[in-house]
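Asks: Sequence lines, in order, name chains P and Y.
Per the working numbering, residue 1 is the first one in the first sequence, and the count goes up by one each step.
Per the working numbering, residue 1001 is the first one in the second sequence, and the count goes up by one each step.
Quick caveat, the hints were computed from the structure, so don't treat them as lab data.
Beta carbons: idealized from backbone N, C-alpha and C, even for Gly.
Fair warning: there could be bad hints in the mix.
[Stated by the list, open to error] Distance windows between CB atoms, simulated:
{"no.": "1", "chain 1": "P", "residue 1": "I279", "chain 2": "Y", "residue 2": "L1091", "range": "54 to 60 Å"}
{"no.": "2", "chain 1": "P", "residue 1": "F323", "chain 2": "Y", "residue 2": "G1121", "range": "32 to 38 Å"}
{"no.": "3", "chain 1": "P", "residue 1": "E166", "chain 2": "Y", "residue 2": "A1092", "range": "41 to 47 Å"}
[Said to hold, decoys possible] Here's a subset of chain Y near chain P, in silico, CB distances under 7 Å, partners left out:
{"no.": "4", "residue": "G1043"}
{"no.": "5", "residue": "D1056"}
{"no.": "6", "residue": "V1058"}
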Amino acid sequence: MADTADLLKTPLYDLHVELGARMVEFAGYAMPVQYPAGIMAEHLHTRESAGLFDVSHMGQAHITGDEAALEALITADLSVLGAGEQKYTLLLNDEGGIMDDLMVSRPFGADGGIFAVVNAGTKGADFAHMRARFAGRASLTELADRALLALQGPAAAAVFTGLVPEAAKLVFMQCGVFTLDGVEVYASRSGYTGEDGFEISIPADKAVQIARLLLSDERVKPIGLGARDSLRLEAGLCLYGHDMDENRTPVEAALTWAIAKVRRERADFPGAAKILKQIADGPAQKRVGIKPHDKSPAREGAEIVHEGEVVGVVTSGGFGPSFGAPVAMGYVRSDLAKPGTPLELMVRGKARAAEVASLPFAPHRFYRG
Amino acid sequence: MTTRFTKDHEWVRLEGDIAVIGITQYATEQLGDVISVELPDVGKSFKKGDEIAVVDSVKTAAEVYAPVSGEVIEVNDGIEDAPQIVNDEPLAGGWFAKLKIADKGELDGLMDEAAYAKHIG
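Sequences are here, hints too, so could you generate the full structure?
Replies: Pasting the structure below:
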């Protein structure tokens, strides 16, 4: 086990250890990378039944006041974000680079402000940036006293609505405040696996109680960060700091869909001039799915070669347990972004055949009602 | 028929002049589920410490180093087709390659089972 003594701990740390997790450092936290079942079994269990993930390291915040102050920093149209709705959006720097990807939602009603969930590794920078740019017009309260659990998989809905019948009304990207085992929770029907499921924000001192309750259902098993990564990669979902960062725009990252149409028309998001030009002209490079033909996975950092020339780099790569073969994502020259385009990946000094693949590798199974 | 171990978690077992090599149970536990193995070509010679194979697991890729010098006379094709065998029986059906050993004296520098158990703590 890595030395995790000096790391931050989530409220579920002792439970992870009790469950036999192997703990590793992630974004300054001691987190379970896998339980005794192992990454492969955990991944497959999530796709077949339901997995419980501790994502309490992620940043949660409540934003109130003038929402235009928040909207100016992101790509969403908050005027159409209704009560009980959630949206995936991007926090951009002034050059249009992606500072983070995040979820914004309205679980507290039309006038209850915005609940935001951001990445663990970026939360400090995100919240500092937001507060500085809000300049008093809006206020951000970090909800550091809340844990966050994700319950994902085809059995997640039956498990969760068995405990919270009112949550059955939620469809993909809807949210609300519910009572679970006597505890007030904020739940959204969303996740990071491509499966149906829920993300559940819980007061930190009730997190163990709720986690144990969910795990007491035999359909639910604990899942570590290892399987979380292979699940999201098969689902074609970006990992911040790998598949996108401040040096990539939403257009390059193939996330143009996350820029609301009205925001494009108004050209009022950070870096709009550069990004709108990229939308019109096409970016130099673009994020694509990549299917290696080889049995050996190409990992992050592997060079992508086409006709002897380096045309990009792998940003996520590994084995897809449900896909049954290696899977990857990376950036390639835009003229090579079409599915089926042959590529070569440099793995251990050897060029290995691959091709551009459509994302996702594992079909999304969100519940849309 | 004693088995010797390297500090990098390979094992080697002498059968006459033939050294059978593989990776240890501890190595497979650290790697997690093995999903592919790249084995050396038969007929190729390796010096002790040369990279002789690569194991990819769900988590990471790891080099396997030749625990002794010698020429590869056979590889275990079975683990290329069904890499899970490496997890299931690393010291038996999960062997990697057989080498015609060049110098049996090289075995003396390797750990016996008790020393290896102490090494992995």
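Asks: Confirm or reject each hint.
Replies: Hint by hint, here is what the structure shows:
| no. | hint | result |
| --- | --- | --- |
| 1 | P:I279 x Y:L1091: 54 to 60 Å | 58 Å, holds |
| 2 | P:F323 x Y:G1121: 32 to 38 Å | 37 Å, holds |
| 3 | P:E166 x Y:A1092: 41 to 47 Å | 55 Å, violated |
| 4 | G1043 | 19 Å, violated |
| 5 | D1056 | 5 Å, holds |
| 6 | V1058 | 4 Å, holds |
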